[in-house]
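In the order they appear, the protein sequences are chains A and B. Those letters in the first sequence? Residues 1 to 327, by my numbering. Those letters in the second sequence? Residues 1001 to 1291, by my numbering.
Worth flagging that the hints you see were computed from the coordinates, not collected in a lab. Using N, Cα and C, we set each Cβ at its ideal position, and we do this for glycine too. It is possible that part of the hints are untrue.
[To be verified] Chain B regions said to be covered by chain A (calculated; three or more residues, Cβ under 8 Å):
{"no.": "1", "stretch": "1083-1097"}
{"no.": "2", "stretch": "1103-1109"}
{"no.": "3", "stretch": "1257-1265"}
{"no.": "4", "stretch": "1268-1274"}
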Amino acid sequence: MSRLGAVVVIAAAIFAVVLPFFLKPFGLYLISMWAVLTVAAIGLNLTLGYAGQVSLAQGAFVGIGAYTVGLLLPIGVPFPIAFVAAGLLCFVVGWILGYPALRVQHHYLAFVTLAFNTLVFLVLRNEEWLTGGTYGINGTPRPTLLGWSTNKPLDFYFLCLGAMVVLAAATWWMLRSPWGRAFVALRENPIRALSLGLDTRRYTLMAFAIGSSLGGLSGALYAPLVQFIEPNSFALGMSFNLLLMVIVGGGGYFFGPFLGALVAVLLPEWMRVTQDYYLMVYAALIMVMMAFCPSGLLGLVDRVGRRLRSGEQGPAAAAFEPQSTPP
Amino acid sequence: MASFFQLLVSGLATGAIYALIAVGFTLVWQTSQTINFAQGEFVMLPAFFILAAMNAGAPFWLACLIGIVLSVVILGLLFKFIIVDPMLKYGVLPLVISTIALSLFLKEGAKDFYSSQAQPFPSLVPATDFHVFGIVVSLQSLVVLAAATATVVALHVLLTKTRLGRSMQATAQNPTLARILGIDVNRMVLYTFLINGALVAIASILISPIYLAKFTNGETLGIAAFLAAIIGGFNQVRGAILGGVILGVLDNLSAAYISAQYRGAFPLIILIVVILFRPQGLLGRIEERTV
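Between the sequences and the hints, there should be enough to build the whole structure, so can you do that?
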């Protein structure tokens, strides 16, 4: 299975590099959006899938990152510095939010983060002197790195793809370290983890802050990609959408966010054949999917794979049962 | 001072509607652990049922009746059997995603099948104002307040004074024990869904003349319901009522006296303070954690 998995990943990687040469600008925009949102979803997967905390504030972190870059680039800060600043700022804000918020868990945390998301939205909308209010910020320039101008859609796609691969690899490495394995322990059984001497609160806080920071880095790419940022893009809808990506792809599976983001970006576009009803059809498909494979698409693959291999019935309710070791 | 009382009365009226929505939300949460992220859309939708019935020629009172019945059947019965029941065994999270998708589905449905424009909605009473001791109070606020209070009182009597209501409370507090005591737990859970269906329809009738019937209404109302439920106490019906009233009054007063731009922020700040210092809510009980 793992060899098959590797083949699939390599095939997907080749596809991700070759495909864009055959796409029109809108197609390139969509797959760039996929790469950008995947970064945010990886961050949320860290918080949700690994550390087991439901956050509805990831959209706000994407927003904070996007506005950081949108505000820093015009005053002459080079892109790499603005990019890192967006990540750091979100790390700090995530830490400050998480410190009190993680006293409470589960659905309460969901609501605290929901409140935080709305507060960020209000600040973005009301502080016109800084953020431009509802008019937002227009025309964030695409960066030129070491003489490579990413102004064309194809070039910018490769920048997004590169950033995604680097950040995903960093996350992968972190999750394989002893330190990252503690995150999984937190999700599986927090009280047991505590009794084994893990400082659960600090690890949860770390997972939350790193997840938020990935949200900020995603936002740092979002601003130059869309070239128009306004508060509504980062309201609750964005957070719900990111949550949906993680769950649909498979929470707690490393490659879940990649798949989930692909579904969430492309499915509504394909559904356009159903004309005005496309969002309804999309919502209905999500509900059907949740009813039949709540552990997400990768959970389904896992279940089918296990059944094929063992030749017997898979666990009755494979349910929301992410695997305990990364694939 | 006069304007303070006016704001207070209209705040109480909105707060009473929030309380209705929050009570339904809490009931469903208590008995089935369903965090219904579509509760706001549940309030948005019945107004469109009613408008559709009126377009078909029904008088307003009949249309309201049809709206409530449709709401109980669709948002109560069908919601439970089609969405909640198949997913309950998977735990809270997939169901949360499903209700988020449902809220999108209902919102788009109202937009595509009715209208994307705000629709005027008939008011229960003519727009008259009373003048009492220099205070202007609109008849509409009073009627809304009275109707919402009557509904909440009726529900409270049902829950505390009747055998049925006490069985429902027992189900909410400890389903296993309730089953041992011979209560038909599944039926009680179903009843809470039906009650929620009726409550959101009543809330819809009361609030739509003020907000107009619009497919986006659910966004603010749903959040108001969460906030009210959590501020008051997630596991107490009384808490949801208190939370709703606090929220309505606070919203009005803070908009008038502190900052209209940040009116949305004050309830959120209160929410965060409450969760941090009294996570069980103002009137809630502490739930023991299990290993």
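Checklist line | Hints violated by the structure (listed by number, smallest first) | finding: none
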